[in-house]
Each structure stands twice: as structure tokens, then as C-alpha cells.
Amino acid sequence: MTTTKAPTAVNLDHVSVEFSTDRGKVLALDDYHSEIEVGEFFSLLGPSGCGKSTLLRIVADLVNPTDGEVSVLGGKASEARKRREIGFVFQDSTLLPWRTALQNVQLPLEVGGNKGAKSSSSPQDLLALVGLAGREEAYPHELSGGMRQRVAIARALVTQPEVLLMDEPFGALDEITRDKLNEELLRIWQETGITIVFVTHSIAEAVFLSQRVAVMSAHPGRLREIVNVPLPHPRHLDVRDTAQFTELAAYLRRGLEGK
Amino acid sequence: MTTTKAPTAVNLDHVSVEFSTDRGKVLALDDYHSEIEVGEFFSLLGPSGCGKSTLLRIVADLVNPTDGEVSVLGGKASEARKRREIGFVFQDSTLLPWRTALQNVQLPLEVGGNKGAKSSSSPQDLLALVGLAGREEAYPHELSGGMRQRVAIARALVTQPEVLLMDEPFGALDEITRDKLNEELLRIWQETGITIVFVTHSIAEAVFLSQRVAVMSAHPGRLREIVNVPLPHPRHLDVRDTAQFTELAAYLRRGLEGK
Amino acid sequence: GSDGDSTNSEGLRDVTLQANFLVNVSQLGEVTAIEQGFYQDEGLNVSITPGGPSVDPTSSVVGGHTDIGVGNSSPSIFLGVSEGRPIKAFTVAAQTHPYGFFSLPDNPVRTPADIVGKKVGVNQTGVILLEALLAENGYKKSDVDIVTTSGEITPLLTGQVDVWTGWVIQQGQLKELPEDYVTMTLAEAGVPLYALIYFATEKSLKEDREMLEAFTRASARGWFYARENTEEAVKALASRYDSLNEEDEAVAAEKILDFVFPDGSDEFGEMDPKLWEEQMDIYDRLGLFDNPRPSVDKVMTSEILEATKDARMGDT
Amino acid sequence: MADDAHVAEVKSRKRRDAFKRVLTALAGLGGLVVLWYAVVKIFGVEEYIVPSPVDVGRELVDSRDLLLSNLWPTAIEAVAGFMAGNVLAIGLAILFVHAKRAEEALFPVAVFIRTIPIVAIAPILVIIFGTGYTPKVIIAALISFFPTLVNVVRGLQAVDPQALELMRVLSASKRELFFKVRLYASLPFLFSALKIAATSSVIGALVAEWVGSEQGLGYLIIQSTYNFQTSLLYASMIVASLFATLFFASIGLIERLVVTWEVSEEP
Amino acid sequence: MADDAHVAEVKSRKRRDAFKRVLTALAGLGGLVVLWYAVVKIFGVEEYIVPSPVDVGRELVDSRDLLLSNLWPTAIEAVAGFMAGNVLAIGLAILFVHAKRAEEALFPVAVFIRTIPIVAIAPILVIIFGTGYTPKVIIAALISFFPTLVNVVRGLQAVDPQALELMRVLSASKRELFFKVRLYASLPFLFSALKIAATSSVIGALVAEWVGSEQGLGYLIIQSTYNFQTSLLYASMIVASLFATLFFASIGLIERLVVTWEVSEEP
Ligand SMILES: Nc1ncnc2c1ncn2[C@@H]1O[C@H](COP(=O)(O)OP(=O)(O)OP(=O)(O)O)[C@@H](O)[C@H]1O
Ligand SMILES: Nc1ncnc2c1ncn2[C@@H]1O[C@H](COP(=O)(O)OP(=O)(O)OP(=O)(O)O)[C@@H](O)[C@H]1O
Ligand SMILES: Cc1ncc(C[n+]2csc(CCO)c2C)c(N)n1
Ligand SMILES: [Mg+2]
Ligand SMILES: [Mg+2]
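Chains as they are written, first to last, in my numbering: chain U, 16 to 274; chain V, 16 to 274; chain A, 68 to 383; chain G, 50 to 316; chain F, 50 to 316.
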């Protein structure tokens with residue numbers, strides 16, 4: 016039996032991360048292991064503090080694992096980062112306060128050898144996509160929490176990275192906006208074939224978006240299980256009303272609760 | 016027929032807020048009106064940018080309405096604030112970076128004429144309540160996003176304000192932790208009889224916690240309708256599986272969608 | 068205009084003179100020579116570069132920015148030479164040092180003996196002169212109470228010091244004292260130092276003797292003219308340097324002329340190698356030579372003086 | 050949403066505020082003069098110690114041409130020294146931030162150079178540059194250089210760690226990180242430094258004129274000290290201080306114009 | 050979770066780092082000496098312009114008693130002036146932050162006072178306070194005062210607006226806001242200012258010694274300048290600069306000890 020194995024986008028090979036503080040060491044991530052395929056939509060689900068953000072930061076070469084190996088698109092994480100193949104939506108929106116909403120979205124086009132690069136969608140269009148048409152000129156402190164998060168999302172989409180890391184990108188959004196952006200994200204993912212690693216606290220969101228969901232446990236952060244989501248693509252919001260969906264969500268919930 | 020009207024905790028009498036920026040004015044809140052009773056659990060539900068945070072900030076005397084009147088506990092908002100009758104969990108956790116988790120929780124006990132005041136629960140107990148036992152000495156930058164939010168929640172509970180304003184306090188928490196804290200919050204609310212004004216993006220959370228839910232619309236922020244939640248107290252998590260709950264949630268969802 | 072022999076459009080040789088301080092009556096002769104065209108007659112176009120509290124004229128000359136320097140007092144020349152600065156004095160304007168110790172009549176200092184036990188206010192540059200005075204008269208530094216002050220006479224007026232030191236030409240300060248104030252000059256106190264010393268680099272002394280001679284001749288003429296026409300000379304000085312106070316400078320001019328032409332002397336610029344030697348002895352005794360003490364002919368030269376002898380004698 | 054009438058209103062409010070600030074500043078300086086007058090009168094301070102503000106005022110009027118014509122050279126030296134010193138300081142600060150080792154090795158050298166008293170370097174400067182504008186500009190630059198160096202080195206490091214991570218993920222070059230982030234983060238420190246430097250460069254120019262000059266307020270100060278013209282001395286110092294105050298204020302103004310995105314603290 | 054062995058390890062790493070920093074600093078200063086030597090040799094700089102470091106080194110050794118006995122007065126004046134100037138500056142800064150009007154009225158006055166040249170105030174100070182330590186400490190204080198004022202006023206306002214809102218909701222008094230928030234927010238500015246002040250207070254003490262003193266490094270510098278004792282001049286400046294560098298470094302050390310909560314930027 017021959018299977019053509021899909022190429023690996025992110026390989027996390029038994030990685031551990033230990034932070035040292037003045038008071039001692041904190042084991043943030045313990046022996047985490049998974050392989051994420053190119054073009055996959057992969058989600059991380061787990062209790063607060065289980066190391067999800069840390070995991071994304073390893074992939075983006077912002078944190079070095081104290082143990083284990085990471086490879087991104089076949090090479091080192093740092094190389095992928097330097098080749099600008101990684102996009103990141105941070106848990107905090109991390110806008111530059113001296114730039115307007117529009118200028119914040121344009122930032123990735125101005126740096127990293129991307130000067131003059133054309134993005135698939137214009138920064139204005141992306142701001143419109145996230146519902147901020149007309150607020151291009153507002154400075155971050157003039158925006159609401161959810162608006163700031165949407166600017167950060169638009170910023171991550173303005174270049175087309177191979178691997179997009181999203182850390183609770185829709186956490187501060189109302190359900191209607193969130194649903195809309197969930198659909199948009201799926202559309203973009205399908206159209207471009209990028210790999211997405213997605214952190215969320217919403218089980219429903221994880222099921223709706225992902226092909227696979229990693230369920231983690233805390234203290235220390237460990238991988239509990241990886242759950243396949245065999246719902247067919249393209250998915251629409253009403254898939255959430257199907258029994259298969261409800262069942263998967265319940266299964267994940269039990270996994271999270273450690274049952 | 017005589018009805019003994021409950022005393023008003025927060026009266027928002029046709030308030031409007033307009034922000035002026037260098038580029039023009041932004042009408043953040045338009046003619047919002049509602050009366051919140053003492054001891055009530057009142058939630059605000061609405062799209063991102065509809066003025067929910069602004070509304071809480073008016074009640075806390077952090078923003079002055081450009082139109083309309085606000086009264087808190089029968090007097091001016093500023094008086095209530097100065098009497099320290101208002102508690103606030105901000106949308107961003109707003110921890111002081113030079114204080115450890117524990118010191119951040121202790122802050123309200125050290126200021127505002129509260130020196131040496133005993134809180135009902137000790138700061139340590141509150142940190143344990145939000146699942147942060149053992150991390151008392153960690154500085155904010157050593158904590159995960161959800162952990163920081165939980166420290167902020169513990170901080171708001173360490174004194175006992177009459178009116179507690181909570182701006183998406185559980186937004187960055189996983190569902191399990193969130194459920195647990197939802198229950199804890201309800202317990203505390205029932206035991207102490209405080210008034211809670213609660214902003215959330217989760218319809219389920221709003222229904223589960225509140226006695227009344229205000230549904231708002233955006234551009235400009237307007238009150239669409241106030242929905243009663245007649246579920247009996249004390250509530251437990253399984254109330255979410257009842258038909259009445261599902262119906263209410265669906266009703267709110269339709270309200271949000273503007274249908 | 069300091070390099071080589073730059074000439075200007077009128078065919079005059081440009082020469083710059085680094086003054087020892089802000090320009091005042093110390094340069095009365097030179098300013099007069101400029102005003103009267105004496106330098107022009109010698110083919111020179113002389114301009115004066117003012118100095119200041121932190122200017123050491125030897126630096127300016129050694130650095131090649133000016134051609135001729137005027138030193139405050141002889142030690143600045145021989146100490147500079149002992150440090151290796153390639154300069155030599157060739158003329159001296161003030162035959163004794165117009166530096167004085169000033170006191171009030173009810174608490175006077177007329178002789179060195181009077182100064183013992185007094186509070187003496189000196190500015191930073193004067194400490195060494197006071198030390199010389201004490202040493203020459205057999206006293207120790209600890210016999211007086213030395214207070215370094217800025218250049219102002221105020222501490223004497225307010226009674227914070229008993230003695231103020233400065234140049235006798237500082238009329239602006241001295242006029243604040245009662246008419247009968249008491250002066251004891253350095254010379255009166257037994258310290259024979261020169262002041263307003265003209266010097267140039269060894270190189271110019273070798274290669275540019277004619278210019279230096281011409282300068283000396285014309286300067287002498289200027290000083291003689293200023294002696295005879297003091298009022299006119301002071302007026303010209305004060306109108307050229309408009310921040311000078313003409314009345315004060317007029318008083319100061321009479322005083323400085325007494326130092327340039329002491330006791331009716333009719334010669335300008337003379338200096339005596341023996342006196343130079345004596346001055347260096349004093350400094351040697353004070354232990355102020357870090358490096359080997361230079362020989363007199365390293366410090367000064369009489370060649371220019373000899374070559375200009377006629378012009379330096381009054382034509383009365 | 051932009052609304053012209055509103056923008057005009059905001060502008061006119063800003064202008065009124067600025068006017069009020071100027072008035073308050075003048076009131077402060079006026080108070081200083083009144084205090085001076087009172088002290089002189091009440092304690093009967095002799096005129097040769099401290100002259101009365103009335104005399105100095107008269108001197109300011111009488112000698113206005115002299116004072117103004119001597120202000121320009123000093124102003125030119127101060128501004129040129131300010132520019133040179135700050136350009137050097139900012140350049141070094143940029144080097145230090147990008148090469149930690151260079152900072153560790155060269156910062157002590159900078160401290161070292163900074164502590165050399167002007168009197169002690171003056172002879173060397175005179176040997177090398179004579180007594181023209183150059184040594185004065187160098188001295189003004191030396192004096193204004195150090196505070197900017199210290200502040201800008203600190204300011205360029207005052208970057209939000211999250212913004213650093215963002216730029217790292219965007220694979221921004223050091224240059225881009227500098228121009229897009231560090232520069233902005235350092236602005237509060239930079240403007241504080243420039244305010245300090247504005248005043249020190251004036252001091253530097255005044256002191257530099259000790260090194261020999263025939264013009265400038267520093268020259269007037271020496272000259273009037275020598276002549277014991279106390280009211281001219283005070284008048285010269287006042288003109289120098291007024292110039293420094295204006296220089297200082299204009300840096301503040303530039304800061305307001307540049308930093309438009311900040312939330313201003315409510316009074 | 051605390052782990053003693055780990056804590057010890059962290060501490061020993063920190064100690065090694067500090068040691069490395071000191072070595073680099075010494076290398077920097079050593080480099081300066083080498084450069085000096087090379088310039089003097091290669092360009093054949095005459096000894097009367099700049100003496101060779103060898104001569105100065107010899108002077109440092111030969112005159113060590115003289116230099117040390119003159120270091121103490123200067124050090125005392127500098128440190129006392131530093132304390133006084135900074136206490137005053139911080140006090141004023143606190144006033145300014147709490148009373149906007151006071152800031153607007155008094156800041157120009159401070160700028161004004163700051164620009165009065167020391168040489169001009171020194172005589173007045175000597176008249177009022179005599180010639181002891183007092184006028185020198187005042188001058189050192191005057192010089193170190195201004196940078197701290199500017200920086201701390203800015204620093205106390207560099208508070209995250211959200212933290213201000215938090216404190217407002219907690220109904221914190223201005224005093225509490227100050228001690229719990231502003232103080233911490235201002236620390237980077239404060240320490241920058243203290244570093245600047247550390248060096249300027251040394252300069253101030255040196256300059257102050259020109260007037261009314263017969264001891265101290267400033268006195269030595271002036272005397273050796275006028276006596277053409279070039280190597281003693283350089284030796285005195287070096288001792289003063291070394292003291293200033295140590296003073297500066299100790300402020301840096303204190304900053305490291307105080308600010309323990311900051312995320313340090315990776316190299
Ligand atoms: N300081 C300000 N200056 C100008 N506009 C502001 C300011 N603060 C808020 N706004 C605007 O007011 C509106 C309401 O903001 P608010 O923060 O109250 O929204 P919100 O309902 O809390 O949204 P979210 O759910 O995204 O937090 C937004 O359009 C926002 O841009
Ligand atoms: N710089 C640091 N120093 C010390 N400990 C840290 C640091 N960063 C993270 N940690 C710890 O590592 C653990 C994992 O943090 P991480 O931010 O990855 O959690 P998370 O899964 O993203 O949580 P959340 O859902 O709350 O965002 C936490 O215990 C946290 O306190
Ligand atoms: C020792 C000594 N040196 C310098 C001065 C300053 N000073 C005041 S008047 C004058 C001469 C002007 O040509 C000088 C140099 C001084 N008072 N005493
Ligand atoms: Mg996280
Ligand atoms: Mg909000």
C-alpha cells in the first residue's frame with residue numbers, strides 16, 4: 016500500500032519550553048508533538064495557560080524550545096521567518112499607536128523587503144472586509160477593543176504568508192461579526208491554500224474551521240489528543256446545526272474536561 | 016395596584032457620547048436609555064464598536080456624556096466613584112507591570128482610603144478562585160493572556176463595590192474555565208446582592224448570567240431592545256440545555272442580527 | 068590671515084595679534100598705531116584678535132592662528148617654553164607688572180608684611196603671583212588666608228576679603244572703592260615680573276624678522292603717540308570697542324602708560340635677560356618648573372629690540 | 050465623518066490654549082522680576098551686588114541695539130552647536146542600540162569626554178581651531194551632546210516588547226525596526242533631551258566666548274564683568290536666558306506638532 | 050516551582066555578565082588611551098599640545114596623594130550637589146505634574162535660572178555663602194537640577210492612560226496615583242536623568258572650584274592650566290572623569306537593582 020504523504024508545513028518534534036524567572040523555572044510546554052501538513056487548517060484548544068501562545072511563538076521563531084525540534088516548511092523556523100513565510104495574529108492586537116488603522120494594515124507592505132509589494136487585497140479592502148470602512152484614519156486609541164483586533168486581522172492578511180498563526184483572533188468580537196469573519200477566513204484559506212494554525216477558546220469555532228484540532232491540558236502544557244474533523248468543505252455556518260457537528264463539539268468538550 | 020419600585024442602581028437617561036478627534040466627531044452612543052435596579056444582573060450585548068465599553072465608562076465617570084443624564088446609586092456618577100462604590104473589570108486586563116499577580120490583586124486595598132481594609136476573601140483566595148494558586152509571584156509579562164485577565168477579575172472582586180462593571184471579563188478564557196467562573200460570579204452576586212453590569216459577546220453567557228439583556232446596534236450605538244431572562248435563580252450550568260434557554264438565545268441572536 | 072606672508076589688495080602684509088585679554092588700554096599703543104596708520108606705513112595690516120578668560124595666547128600663536136601674541140605676564144612665556152612651546156618673547160610693553168593688591172584705608176596692606184594674616188581674594192590666575200610674593204618675602208602660603216574669587220571686586224566691598232587683587236587698569240572695579248584706597252603693586256612687593264609680553268614662534272623669529280621688526284617699530288610709535296595724545300587715543304579705542312567705558316579707560320590709560328614708560332623712561336619695549344633670569348629663579352624656587360628650566364635665550368631674544376632701537380626711543 | 054466646522058473649532062480652541070500658556074509663562078517670569086525687586090528693596094541689597102530690576106530694565110532699553118547685535122553670534126553658535134551635538138549624540142545612540150558591545154565600550158568613553166572641563170580643552174581647541182566660530186560651536190556641541198546621548202539610548206530601547214515581536218515576525222530589518230518603531234518610541238525621551246540640550250547649548254555658547262571673541266552675549270558678560278557694569282551684565286544674562294527660554298519653548302512646540310497620536314492626560 | 054539551584058544559577062550568570070560589562074568598559078577606556086598614544090606618536094603631536102599618556106600615567110602615580118586628597122572635596126561637593134539638585138528637581142516635577150498652571154508659570158523660570166552662567170552667579174553665591182562647601186554644592190545642584198526636572202516632568206506623565214483610568218476608578222488619591230503608578234512609569238526617565246546629573250554634578254563641582262576654593266580637582270585643574278603643568282592638568286582631569294564614570298555606572302547599577310520587572314530586550 017503506497018500513500019503519498021503530504022509535505023509538512025510545521026513539524027513540532029517533542030518540543031518543551033521552560034521559562035526561567037528570578038523565582039524558578041516554569042515548564043510552559045511539555046513534550047508537545049504534532050505534524051501539520053501544508054495547506055492544513057489546524058487548531059489548538061486548551062485551558063488558559065496551557066502553552067498555546069507559546070507554541071505559536073515557537074513556530075514563529077520568537078521563542079526557542081528548550082528541548083525538541085521545530086521545523087517550518089522543511090527548514091528552521093528562523094529561516095521561514097526570515098523568508099517572510101510566517102504571518103501572526105497576536106493575542107493582543109499589538110497595533111503601533113502612532114499609525115492610523117490604515118497605516119497599521121500597510122505596515123507589512125513597508126518592511127521586510129516587501130516594499131512596494133502588492134497585496135492580493137488592498138489594505139482598504141481588507142479594512143472593509145473586517146467592517147472598518149470609514150475608520151481608516153482613526154488611531155488605535157480611538158478604536159474599540161474589537162475594532163483593534165480586526166485591524167490586526169486585516170494586517171495579517173495583507174501579505175500572503177505560507178503559514179498563518181492566529182492567536183484567538185476573534186476573541187473580542189461579537190458572534191455575528193465572528194461568524195462572518197469565520198466564513199471569510201475559510202474562504203481565503205480555501206482560495207489560497209495556506210496553512211493556518213489557529214488558537215481558540217471556542218469549541219464551536221474550532222470544529223467549524225479546522226481539519227484537525229489538538230486538545231491540550233495544562234500544568235504543564237501537554238498534548239492530550241488530536242481530533243479529526245471530517246466535515247466536508249466548503250463549510251457554511253449551518254453545518255453547526257448538524258448532528259455530526261454537535262457530536263464532535265461534545266467530544267472535544269469532554270476531551271478538554273479530561274474525561 | 017401598588018408596585019414598590021426597586022431602587023435604581025444606574026440610571027442612564029437618554030445619554031449620547033460624541034468623541035471629537037482631529038478629523039471630526041464620532042457619535043459613539045446615541046440616546047441610550049435604561050434603568051438598572053439595585054441588585055440586578057444586567058448585560059449588554061451588541062456588535063463590536065456599538066458603544067458598550069463607552070457606556071460602562073460613563074457609569075464609572077471615566078467619560079462624560081455629551082448629552083443626557085447619568086445617575087449612579089441616586090447621585091452623580093462621580094460621587095459614586097469617589098465613594099468607591101464602583102468596580103470595573105476593563106476590557107484589557109490593565110495590570111501594573113511592576114506588580115506581581117498578587118500585588119496587582121492587592122492594589123485596591125492599598126488605595127482610595129481603603130488602606131488596611133479587609134476584603135471578604137483574601138487576595139490569595141481570590142487568585143486561587145480564578146485558578147492562579149502558585150502563580151502569586153509572577154509578573155504580568157510572565158503570564159498568559161487568559162491568566163492576566165483572571166488576575167484582573169480577582170482584583171475587581173477584592174473590594175466589594177455596590178456596582179460592578181465588567182467589560183468582557185471572560186473573553187480570553189477557555190470554555191471550561193469560563194463556565195466555572197460564570198458559576199462563581201453568579202454565586203458571589205447572589206450572596207452579596209451587588210449590581211452587575213456585564214458586557215459580553217457570548218449570547219449564551221448573557222442568557223445564563225443575566226436577569227435582563229440590553230441588545231444594541233451599531234453606527235451609531237443605539238439600544239435596540241431590552242430582553243428579560245425569566246430563568247429562575249440559582250441557576251446551574253445545565254440550565255443551558257433547557258428549551259427556554261435555547262429559545263431565549265435564539266431570540267437574542269435574531270435581535271442582534273436586526274431581524 | 069596667519070599663514071606665510073599673505074598680502075592684501077593694497078599690498079600690505081596681513082598680521083594678526085592675539086591680545087592677552089579682551090582689548091582694552093593694554094593694547095592702547097597697538098590700537099593707536101592702527102588708527103594712525105603707523106602699521107600701514109611699515110607695510111603691515113595689523114588686526115587684533117581679542118582674548119578672554121580662558122584664552123592662552125601662546126596656544127593661538129603656536130597653533131598658527133595668529134602671528135604675534137601678547138602674554139599676560141612673563142611666567143606664561145617661560146613656563147610655556149619649559150613645556151616645549153616653540154615661542155620666544157621679543158618685546159615687553161609693561162616694564163613691571165601692573166598687578167596689584169588693593170585694600171581699604173582702615174585695613175591697609177602697604178607692604179608685604181601687612182598681608183600676613185589677611186584674607187586675600189585672588190582670581191585663579193593670581194594665586195601663583197601671590198605665592199611668589201609670599202615666598203620672595205619669606206612667608207609661607209599658610210600665613211595668609213587665600214580665597215579664590217572671580218574677577219569682581221565685590222568681596223572687598225562687602226568685607227568678605229581684606230585684600231583684592233587685579234590689574235591696576237581695572238578701573239571699572241576700582242572706582243567702586245573709596246578715593247583713598249591702598250595699592251601695593253607686585254613690583255613694590257618685591258616681585259619683578261614683566262607684563263604684556265610680545266612673543267612669536269621661533270619659526271617666525273627666524274623667517275619673518277622683518278615683519279616683527281616692522282611691527283615693533285610701528286607699535287612703539289603707537290605707544291609714543293598715545294602717551295602724547297592720550298585723550299585722543301582713548302577716544303579712538305573706546306569708539307572702536309564700543310563696550311569699553313571711555314571714562315574708566317581714560318583713567319586706566321594714564322596708569323598703564325606709567326608701566327610702559329616707568330619713571331619718565333623714554334624707551335619702549337626694552338627687556339633685560341638678567342631680569343628674565345631672575346624671574347625664572349623665583350619660579351624655580353617655588354618649584355613650578357615641572358620640566359628642566361629653560362635657558363634665557365630659549366625664552367627671549369634681544370635681536371628685534373636691537374634692530375629697532377632707534378624707533379623705540381622717544382623722539383622728544 | 051470629518052466635519053470642517055468641528056475641525057476649525059478644535060483648532061481655535063488649541064490656539065486659545067496656546068495663548069493662555071504664553072500668558073501664564075509671562076506671568077511666571079513677571080513674578081520672578083517682582084520677587085527680585087522685592088528682595089533688592091526689602092533687604093537693601095547694594096546695587097553693586099545685585100542691581101534693581103528697574104536699572105536693568107532701563108539698561109535693556111538703552112542698550113537694545115548693543116544687546117541685539119551681540120545676540121546673533123551667540124544664537125548662531127548655540128543653534129549650530131545644538132545641531133552638531135544632537136546629530137552626533139543621536140548617531141552614537143543608534144550605534145549603541147544596534148551594537149551592545151559598542152555601547153558597553155564607548156559609553157564610559159563618552160562619560161569621560163563629557164566630564165572634561167571646558168577650560169581644560171579650550172587651549173587645545175584654540176591651538177587647533179583658533180578663536181573663530183569653530184571652537185565655540187564645538188564647545189556648545191560638547192555640552193549639548195551628552196544628555197541627548199543618554200536619553201536617546203534609553204528611548205530607543207523603550208519599545209513595547211510586543212511591537213518588537215511583531216517586527217521580528219514581519220522580518221523587518223534593523224533599519225526598518227528603527228524607522229518604524231524605535232524612533233517613535235524614543236520621541237518622548239528625544240524631546241526631553243532636546244529641551245535640555247536647547248538650554249545647554251546656549252550655556253555652551255556663552256562659556257565658549259570666554260575662549261576669545263569680540264562679539265556675542267558671552268563677550269558682553271565678560272566685558273561688563275571686567276568693567277563692573279553690573280546692569281549691563283544682568284541685561285546680557287537676561288537676553289541670553291530669554292533666548293534660551295524661546296529655544297526651549299520652540300522644541301516644546303515642535304513636539305506638539307510631531308506627536309499627534311498621543312492620548313493627552315486630562316488635567 | 051521556585052528552585053534554589055536555578056535561582057543560584059541565574060545569579061551567577063548575572064554576575065558573569067556584570068563582570069563582562071566591566072571588562073568591556075575597561076577595554077573601551079583602554080582603547081581611548083591607546084588611541085591617544087597612537088595619535089600623539091603618529092602625528093608627532095608636540096608635548097605642549099597634548100602630553101603622552103606615558104607622562105600622564107607617571108604623573109598619576111607620582112602625584113597620587115595630591116590627586117586623591119583633592120578628589121575628596123570635589124567628590125563631596127558633587128555628590129551633595131547631586132542629591133540637593135535632584136531632590137529639588139523631583140520635588141518641582143511633582144508639583145508641576147499636579148498643578149499644570151504651576152508648570153506653565155514656573156518652567157520658564159527654571160529654564161531662565163538654568164541659563165544663568167555659573168561664572169555670573171558664582172560671585173553672588175560667594176558673597177552670600179562665603180567660600181566654604183555651600184556655594185559649590187549649590188552650583189553642582191544648579192547644574193544637575195535641570196535635566197532631572199525636564200525628564201521627570203515628562204516621565205511622570207508617561208503613564209499608560211489605562212492605568213490612569215484604573216486608578217481613577219479605584220478612587221486613588223493623587224498621592225496614591227503618584228506612589229503606585231507615576232513613580233514607576235517615570236523610572237526610565239528618572240534614571241536617564243540621574244545618569245546625566247551624575248556627570249554634570251561633577252562638572253559643576255569642578256567649575257565651582259574656580260571660585261573661592263583652594264582645594265579640589267577643579268582647583269588643581271585651574272592651577273595647572275595657568276602654570277602650564279600639562280601632565281598634572283591631564284592627571285587631574287582623568288581622576289575627575291574616572292570618578293564621574295564610576296558615579297554614572299553606579300546609577301546604572303542601582304537602576305538594574307530597582308527595575309526588576311522589565312522584560313529585557315534580547316541582544
Ligand atoms: N477616545 C476615542 N476617540 C474617538 N473615538 C472613540 C474613542 N473611544 C471610543 N471611540 C469610538 O466609539 C465607538 C464605541 O466604542 P466602544 O469602545 O464603546 O465600543 P464597544 O462596544 O466596547 O466595542 P467592542 O466590543 O469592540 O469593545 C467606536 O466607534 C470607537 O471607535
Ligand atoms: N516570559 C515568560 N516567563 C515566564 N513564564 C511564562 C512566560 N511566558 C509564558 N509563561 C508561562 O507559560 C505558560 C504558558 O503560557 P501561554 O501564554 O503559552 O499560555 P496560553 O495557552 O496561550 O494561555 P491563554 O489561553 O491564557 O492565552 C503559562 O504558565 C505562563 O505563565
Ligand atoms: C593675574 C591676572 N590674570 C588675568 C586677569 C584678568 N585680567 C583683568 S585685566 C587684564 C589685563 C587686560 O589686558 C586681565 C588679564 C587678572 N585680573 N589677573
Ligand atoms: Mg495565549
Ligand atoms: Mg469594548
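If you're looking for bench data, these hints aren't it; they were derived computationally from the structure.
Keep in mind that a hint or two might mislead.
To be verified - For each label pair, taking beta carbons as the anchor points, the in silico distance ranges come out as: (1) V:Phe34 - U:Asp140: 25 to 31 angstroms; (2) G:Trp121 - A:Gly131: 25 to 31 angstroms; (3) U:Pro247 - V:Thr257: 29 to 35 angstroms.
Small disclaimer: the values here were computed from a predicted structure and weren't measured.
Just so it is clear, CB atoms sit at the ideal spot from N, CA and C, and this is done for glycine as well.
Status of each hint after checking the structure:
| no. | hint | result |
| --- | --- | --- |
| 1 | V:Phe34 - U:Asp140: 25 to 31 angstroms | holds (26 angstroms) |
| 2 | G:Trp121 - A:Gly131: 25 to 31 angstroms | holds (28 angstroms) |
| 3 | U:Pro247 - V:Thr257: 29 to 35 angstroms | holds (32 angstroms) |
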